[in-house]
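Enquirer: These are the residues of each chain, in order.
Protein chains: 4
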Amino acid sequence: MPLACLTDFQALARERLSKSSWDYIDGGAGEGVTRDDNVAAFKKIQLRPRYLRDMSKVDISTTIQGEKISAPIGISPTGFHRLACTDGEMSTARAAQATDVCYITSTYASCTLEDIVTAAPRGLRWFQLYVQPDRQLNKQLIQRAESLGFKALVITVDVPTLGNRRHDIRNQLDLKTNLLLKNLQSPQEGSGMPNLQMTAIDPSISWNDLSWFQSLTNLPIILKGILTREDAELALKHNVQGIIVSNHGGRQLDEVSASIDALPEVIAAVKGKVEVYVDGGIRSGNDVLKALALGAKCVFIGRPILWGLACQGESGVEEVLNILKKEFHISMTLTGCRSVAEINRDLIQFSRL
Amino acid sequence: MPLACLTDFQALARERLSKSSWDYIDGGAGEGVTRDDNVAAFKKIQLRPRYLRDMSKVDISTTIQGEKISAPIGISPTGFHRLACTDGEMSTARAAQATDVCYITSTYASCTLEDIVTAAPRGLRWFQLYVQPDRQLNKQLIQRAESLGFKALVITVDVPTLGNRRHDIRNQLDLKTNLLLKNLQSPQEGSGMPNLQMTAIDPSISWNDLSWFQSLTNLPIILKGILTREDAELALKHNVQGIIVSNHGGRQLDEVSASIDALPEVIAAVKGKVEVYVDGGIRSGNDVLKALALGAKCVFIGRPILWGLACQGESGVEEVLNILKKEFHISMTLTGCRSVAEINRDLIQFSRL
Amino acid sequence: MPLACLTDFQALARERLSKSSWDYIDGGAGEGVTRDDNVAAFKKIQLRPRYLRDMSKVDISTTIQGEKISAPIGISPTGFHRLACTDGEMSTARAAQATDVCYITSTYASCTLEDIVTAAPRGLRWFQLYVQPDRQLNKQLIQRAESLGFKALVITVDVPTLGNRRHDIRNQLDLKTNLLLKNLQSPQEGSGMPNLQMTAIDPSISWNDLSWFQSLTNLPIILKGILTREDAELALKHNVQGIIVSNHGGRQLDEVSASIDALPEVIAAVKGKVEVYVDGGIRSGNDVLKALALGAKCVFIGRPILWGLACQGESGVEEVLNILKKEFHISMTLTGCRSVAEINRDLIQFSRL
Amino acid sequence: MPLACLTDFQALARERLSKSSWDYIDGGAGEGVTRDDNVAAFKKIQLRPRYLRDMSKVDISTTIQGEKISAPIGISPTGFHRLACTDGEMSTARAAQATDVCYITSTYASCTLEDIVTAAPRGLRWFQLYVQPDRQLNKQLIQRAESLGFKALVITVDVPTLGNRRHDIRNQLDLKTNLLLKNLQSPQEGSGMPNLQMTAIDPSISWNDLSWFQSLTNLPIILKGILTREDAELALKHNVQGIIVSNHGGRQLDEVSASIDALPEVIAAVKGKVEVYVDGGIRSGNDVLKALALGAKCVFIGRPILWGLACQGESGVEEVLNILKKEFHISMTLTGCRSVAEINRDLIQFSRL
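Protein chains in written order, with our numbering: chain A, 354 to 706; chain B, 354 to 706; chain C, 354 to 706; chain D, 354 to 706.
Next comes chain A alone, as it looks inside the complex (with noise of 0.2 Å):
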């Protein structure tokens, strides 16, 4: 039976994964409210399409931070894509290439940095870093992701300390992770054990940080995990080129907002002077669109580019890619959308109270 939807991989890759390594990628911190919320919520906002617009052609594709991509649909950082297929990340990156999508490495990939450009030399990347205590260790890998060719750096705000995930507290999953971690052992000795634990993450930065990050880079910086239009104010005033909206996909605080409901607040704090993005429940075509018509210039998935990789490595990244690409090439036809441009807030049914 062919694969559908990103749904239908959901549940095939459940079938092909171990119990603790589908339920770290699945899991969410504490009970599970806002990771299925991220999910529920983009089904209670309903579309108003408009009809006898000349659909004959559809351009879904856009630029963010000035890079044209094919559509506005991007690849969020998880960790450990090991845990899903042998080749990993790289399987991701060939993948992303192939569709011409952005695709955002993170600090926790199971691949070198260098392994995954290797094996997609002409793809777009982003890199997201997990802060480290060890400051030199950030420089490090900032600039080594720069002289690579990522091409901004996405640093994740949301990680203070490691979110409460039950699950895997009940499978006691912490050692095994940690031996995927390839990037945080120093780059000469690539074969070593990680110097770090997964949890170790610097609690201490703050606002205040952000401009040596600056002074360390070229690189457009990007904030991961703002909920707020405080912190969205505070990023502005930091100087950041953009936000990415996500409550890391429920696996950090529970019991906050969907991703698609704080979106509107940031984008109304933002005004427009910097690009914003969304992460958190995306899982058709539909869903992208709604998130553009919200002001989003793209949109991530996280868990369905594993789902890919479990089911069919790099051909089912490239699958979940294009299945949500056709989707959104009609959504938009559908609603009327000719290009990117044309989607905007009336494309949403607010409340008829």
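Check the hints yourself; a few may be wrong.
Copies of one chain are not kept apart here, so a pair can be met inside one copy or by any two copies together.
When the alpha-carbon atoms are kept at most 30 Å apart in a straight line, the in silico BS3-like pairs for lysine-lysine are as follows [as the list claims (entries may be wrong)]:
#1 K679 x K397
#2 K492 x K410
#3 K372 x K396
#4 K410 x K650
#5 K396 x K410
Please keep in mind that the hints were generated in silico from the structure rather than gathered at the bench.
Given chain A, work out where chains B, C and D should sit, using these hints.
Expert: Below, chains B, C and D without anything else, positioned relative to chain A:
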């Protein structure tokens, strides 16, 4: 056990049909959110019954486009009735004639228009057009329908591309249904193969094309698939004679309003200048009453007709229509409405907040 | 295991009764939306308890139409008690007398009014009338009830035609219940066959007929089935002495308000000029308290009486009433109400929006 | 498998306890609407996390009534701990002392106050009083508690009569629990039978009695069970030192507000003049954070303590408290709160309507 209501027919039809036929008929686009909401939205609307009026005579008849019908209930266009029973649309036409309701015949009928007319020569029928890329073919279809006595031209506007129907992808349905297209073959060579794919609808049609359609026929033109005030206003501006508020049974764009929820917006925009109809989710006499109370002149039903066909052929369709008429009679009696003209907004309980 | 609450009786009654009897008693019209909502709506209303008042004495008694009753709880008219136990309405009458509550006896009682009165000569009873097409039969029934000591005439207004009860259609129930009609036979020939069909209620009665009923009797006239402010105002204008807000247990028109949700609208329209009662969905002492807090003078229960009959005959009805009285006593004690007069709207938590 | 959260203890406790003990502990009054809503209401409140503050030091400690505690988490009074483990309240007291939280000991403890104090001499404890009809017995209990070092007197106001607990009626529980009452026996004859029924609470107490209690003791007096602004204002007027917003775990009056939903009303009425606490439904660190953000000075937990006792005795209680403290630490860290003083209303996402 007698079939007591339309959903009893649904349950039996599910048993009678093959899985792929059932899925094709029953399925919606995407995750089926709108398909299900079409039905659920009616249940959330509460009626306000009025009593102690002399209800010894209750008249449920009305008119559409000036033609008398036995009740404000008609048959929405659906394709491929031969998937459900041997005589297909000929059975449907006979049942519609017997119950004195309007039957909107689909471009995708699996019987020729000529056979349908011959089967039930006295029935009131409208012709539904899926605009074909070959513009001359449209002209032939419209003029053929007009000369066969169809009384209105219903142009479907919500299919610039086919909706994303996951079940049909999984069932790999495409080829089978194309075999049933009978009216897109040139009438001269009635037994040949269809010369078009089901999906090959002209995506380029626009408001500017309406005057061309108007130049081809004297029939009133009715647009099917309008869901917004903006498109309703454009329809008025382009001099159509009617609007069917519809989301194509949730089969085109998922996650739009239930059709009954979209109706008030269109009614407000149209201001009584043309007749407005609605389809989607009507399953009981109360649903008919609610649609009329909210401003519809008539409702149309789609899937229940196919359930009737699948269960008992022509007599099944007749029974479906008779049950709905009987229920509507009870609904009017229990709310104090002696004629369709007495149905109005006061029957609806708006929120008590 | 002791039966601890009314729904324990419901579960046991379901086991004891035949499917068709259970369906007849339990079923609602249409899809049962209103039947279920009658119960669910009570659960959504929150109480505001007040403490540290001296609750050593709590008096739950009250009056209706000037007659003292042990609690603001009575028995709504339901037909055919012999479906549930051998002695039928005679058992009901004895239990009502024993617990000192008002029993509204139905036109469709399966015992004669004479037998009911003989069974419990000291009980407070009202007579419920389904207006018969033969107007003289109405006159006979009313005057017979008055002479037998019934204290009020309850005219049901919500049955100009019988509701659409799908389960009864499926069970083909019609004939059986007609055999149980005892009061529509002329009293002279008490053992003959009923001369009317259950469904043959006069649909022509209207506000204009009320004066005729008033000319026949000195009993107070109470309208049962009013759900709107408009009809409440007309009732006042036509000089009725009371209103029972009711949707007939969800058995007539489906998809109307839960009766507790309709109560405030009627209370506001009546402005205290006549007593207002409510039935539908009352299953606990809290429900009684909420109805009184929202303005009802007394509640009536229907199905729970039949559950009591089916489980344990007369003593079952007595137990149902005693449980409800005991629960209501607890509810008053825990909200700080020492007498029924102290129950008011401040007990209800309106939305905190 | 490690027990990762409080509800893991709940599932295990259910296996360990007899049905009647489980029902007694787990059950609510009536239909359990409020019991369930206590938990569900917390899940509906969304948090607004703030990031990029230096979170290297997070202090979760606070004070109540001037006494330092390790976290704003305490033990609500519940009776009969010997139903759950052999050492009963002595185990609870030891675990409370070990984790440095306040333990409110119930009048219905199944160990004597003396044994409890001996078991954990350095622990912070308050004494909860169910007012007894024998007024002198109250005096003895209060002065005995004060001399044993209890630091506050918690008077429960929401039991003028026992709630209607259907499961206990079905289980016929009364006699068994009375055997466990140890503190209502006169202390001189510690091994005798209880001289009172569990249900024999004085229903006559009223606001006027508060001054008498105040004349008996120098301890601060805290009222437990207040849910309305009116009673909160009366409490202030009668010079109490604290309020516990509580619905008795949904065990007294069903269908009142979840305690977290009643908290804001009480906080607004109290205007910071006395400390306000809350119990009911707290199951996670996020719940603690939300209660504090809405104005509570400390939360108390009831059933989870009994789950800990049932699973692992003293160490189970300790683990329950340590999990909750650890989760609260994570919740503070992930919302940017470095101290309890930094927790405020801006953390709560009010409706986006």
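Enquirer: Now tell me if each hint is right for this structure.
Expert: Outcome of the hint check:
no.	hint	result
1	K679 x K397	within (22 Å within a copy, 34 Å between copies)
2	K492 x K410	between (46 Å within a copy, 24 Å between copies)
3	K372 x K396	both (28 Å within a copy, 27 Å between copies)
4	K410 x K650	within (21 Å within a copy, 36 Å between copies)
5	K396 x K410	within (28 Å within a copy, 40 Å between copies)
No hint from the list above goes unmet by this structure.
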